[in-house]
Amino acid sequence: MVAVRPTTYAGLFMVTLATLLYELLLTRIFSVTMWYHFAFMAVSVAMFGMTVGAIIVYLRPAYFTESRVGEQLANVSLLFALTVIFSFLTHLAIPFAPNVSLLGIYSVALTYVVIAVPFVFSGIAVCLALTRFPAHVNRLYAADLLGAALGCVLFIYILRITDGPTAVVIVALLAALGSVLFAVGSASARRVRLAGAVSLLLALTAVGGAILSARQTPLLRLAYVKGQVEEKPLYDKWNSFSRVAVFGDPERLEAPFGWGLSYTYPTERKVHQMLMNIDATAGTPLTKFSGDLGDIEHLKYDVTNLVHYIRPNAKVLVVGTGGGRDLLSALAFRQRAVVGVEINPDIIAAVNGTFGDFTGHLDRNPAVTFVNDEARSYVARQRERFDIIQVSLIDTWAATAAGAFVFTENSLYTEEAWKLFLERLNSSGVLTFSRWYFRDRPGEVYRLTSLAMAALKQLRVNDPRQHVIIVRRMMRGAGRNGVGTILVGREPFSTADLERVEQVAQEMQFEVVLSPRQALDPIFTALATGRDPDGVVAKFPLNVSAPTDDSPFFFHMLRSRDLLRRELWQHGEVSFNMKAMFILATLFVVVTVLTLACVIVPLLLTTERGALRGAFPFFVFFAAIGVGFMLIEISQMQRLIVFLGHPTYGLSVVLFSLLLSSGLGSYATQLGRAPGAVTSPALRLGLLLAVLIIFGLLTPSAITWLQESSTAVRIVAATAILLPLGFFMGMAFPLGMQLASAHSAAITPWLWGINGATSVCASVLALVIALTWGIAAAFWTGFACYVAATLALTSVARRA
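Numbering follows the numbering used here, in which position 324 of the sequence shown is assigned residue number 478; successive positions increment by one, without gaps.
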């Protein structure tokens, strides 16, 4: 049997660190170069590539021998490092085609295969380490998970100091250092020199890239984003959940930016402005401000600022400051004070630092206060009350590193969030949201109406319609879409409020679509009154019910029964929903086909039937824990990110805690293990089931009880929830591998492949379940998988 050297543990640690770091980095890169829908593909492609790597080990036993394992670990780790660079450059050269077409399917499939290549070599390295040293699998698996856990934290800090492309070079450097460690362990001087030379070259490139990035002259600029050529930005800054860029000419006068600017605004009045975007999609203007309120007069003509006409001299809370537009709006209306809550520190730094002279250094204005925090978490901790809470078209369409559809914005569009916002208003306070208004199917504004009614009913309001006003500004010409603004009062709107809104709407050529006095169509009437005798809401092709924290997907409105109705695909938000669903469906097909072709079929063709005799319970076990771990991990991540108050904590607390505790659980399987004991695996998995039940029930309640606590308390609570889950889930894989190795060492790559293949599919399945039935359903489906795994392993243990 080959001895395990300390450098083997260290090399595996470096490889898995680089692997998870690259996986997380791809969520950021995909969100910029393609659409946010693709970000969760990074999880799938990483697991697919690693699974294929394991199958290659299985198919070539004569090549991957124990006597050569040290050399081979060094070789494949170096190939991992080199292919990270080349696959990334190739990805940037692949034309992006997100449309529902054959070209779109080909584009997704080609990207998937190209990006998977480095993970194949990573998979070979990890599989060799875990299968060629069976007596040490506990410690090796622990090193594997500990490396991945550190990757979560390192990812955050790397993107604080450099950009995405340079971070890719750092990933390659870490993989190359893993190769150096493996080469030292194999006592091959030639391999040490080769891996060392590559590491040195990558280190110099990474340092140079970081320096150039800090000077805003990056080593590699993303020339193509989302299928279009991007002009050179004036400013470009990455972090773990966004890429912020600023474009434009600060000296050029142009028509003022407006979400819903009135056509009565004098066209001859120009302003100096630039555009800031997040992940090459969500735009927010930077407006030149000298302190003269005449510079920002245009803001009084925007439908998003309607609330200021009925609540003067107010204390205002702005959610999502962006380039400072809504803060300037409060100043333009001479409001008493304004607090701007912005989750992205790089946006605040750009507005007040890099472009502070242009924007007027709003942070120095005594009436303005900036807060770097997640808005819902911040509001929950406040005891003071506000006269106005304003949220204007907040949707970055950006993926956090925790995965797409887990957006900070979605946490603002739930019943629980709106109830909280209304509770933090003064008695005469007003909550105002603005969203796109699509004339034929204004699904987003309908859904805002549902949210308002649901939140008001939770506050025991008897007649919610008296508390709601909706006004729209429609564009002229083809399409005639626009922006709708909803005002939700803590108290019923007065006659004076209604008359003032109607007066402003008439002067600005806006339209009142819902108020206590009128409703534009039967759907608004049904939503506002809660009475729908004709079933118009149920017949509407979009789901406009109020989202909840358990199903916080505000922008996902397509019902499953309407997915195949092509006539809906080109309408407003439906077309964007369809792109997301098309990508999800395409990814699922690509994952399934590639998994069958690259994992299952090769195993079936090359395995002797006798070797698989009695292996079925093992197949069930490893498939079940593959699906179960992903479902539990993703559902807990979705629950806790909002609770913790920042997407970065999705990595530094949630993912880190799960991986770290899983590593400790793996290591603990060797402690106190009695050889031949048949109850030990069943007992430990039984404890896992008990822990899953306890924390599955406890987590939602704990989030509710502690949402107003300090950040430190919430981090401790989240960690306390996650550590037991990860600890016991981390035991499952090595327990199963120990029993499988005792049964037949020949089937261990099979089991690795099955575990990886089911994990790949589960990364998509978790999203499908959460979108369709809610986050809790995803968690309990994961629990059911662990029940199946326990039954399967118990049957094996009884035979032993």
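Derived by calculation from the structure, the hints in this document are not laboratory data.
Heads up, a few of these hints could be off.
Restraint ranges, calculated between C-beta atoms of paired labels, are given here [as the list claims (entries may be wrong)]: (1) R539 - A377: 43 to 53 Å; (2) Y260 - R518: 29 to 39 Å; (3) T746 - L355: 34 to 44 Å; (4) P854 - V267: 52 to 62 Å.
DSS-like mimics (lysine-lysine), calculated; alpha carbons at most 30 Å apart, straight line [as the list claims (entries may be wrong)]: (5) K573 - K611; (6) K442 - K424; (7) K380 - K454; (8) K469 - K454; (9) K442 - K469; (10) K442 - K386; (11) K386 - K424; (12) K573 - K386; (13) K611 - K424; (14) K611 - K469; (15) K424 - K454; (16) K386 - K469; (17) K693 - K611; (18) K442 - K454.
For each residue, glycine too, the CB sits at the ideal point set by N, CA and C.
Verification of the supplied hints:
About 49 Å separates the C-beta atoms of R539 and A377, a value consistent with the hinted range of 43 to 53 Å. Checked against the hint of 29 to 39 Å, the pair Y260 and R518 fails, with Cβ atoms roughly 53 Å apart. Evaluation of the 34 to 44 Å hint for T746 and L355 yields a pass: the beta carbon distance comes to about 39 Å. With their beta carbons about 40 Å apart, P854 and V267 fall outside the hinted range of 52 to 62 Å.
Annotation: proposed proximity of K573 to K611 holds, straight-line Cα distance about 9 Å (limit 30 Å). Only pairs whose Cα atoms come within 30 Å are accepted, and K442 paired with K424 is accepted, the gap being roughly 11 Å. Distance hint between K380 and K454 is unfulfilled; the C-alpha atoms sit about 34 Å from each other, more than 30 Å. Taking the CA atoms of K469 and K454, the gap is about 17 Å. The hint holds against a cut of 30 Å.
Between the alpha carbons of K442 and K469 the distance comes to roughly 24 Å, so the proposed pair stays at or under 30 Å and holds. For a cut-off of 30 Å, the pair hint linking K442 to K386 stands: about 21 Å separates their Cα positions. Between the alpha carbons of K386 and K424 the distance comes to roughly 24 Å, so the proposed pair stays at or under 30 Å and holds. Straight-line distance between C-alpha atoms of K573 and K386 comes to about 43 Å, which puts the hinted pair past the 30 Å bound.
Distance restraint check for K611 and K424: the Cα-Cα separation of roughly 45 Å exceeds the 30 Å cut-off, and the hinted pair is therefore not satisfied. For the hint pairing K611 with K469, the CA-to-CA distance comes to about 25 Å; that is within 30 Å, so the pair holds. Under the criterion of a C-alpha separation no larger than 30 Å, the hint pairing K424 with K454 is consistent with the structure, at around 15 Å. Distance check on the hinted pair: K386 and K469 sit about 39 Å apart at the alpha-carbon level, beyond 30 Å; violated.
Restraint check: the Cα-Cα separation between K693 and K611 comes to about 24 Å, which is no more than 30 Å; the hinted pair holds. For the given pair, K442 sits about 16 Å from K454 by alpha-carbon distance, which is consistent with the 30 Å threshold.
Hint compliance for this structure: hints 2, 4, 7, 12, 13, 16 are not met, and every other hint is.
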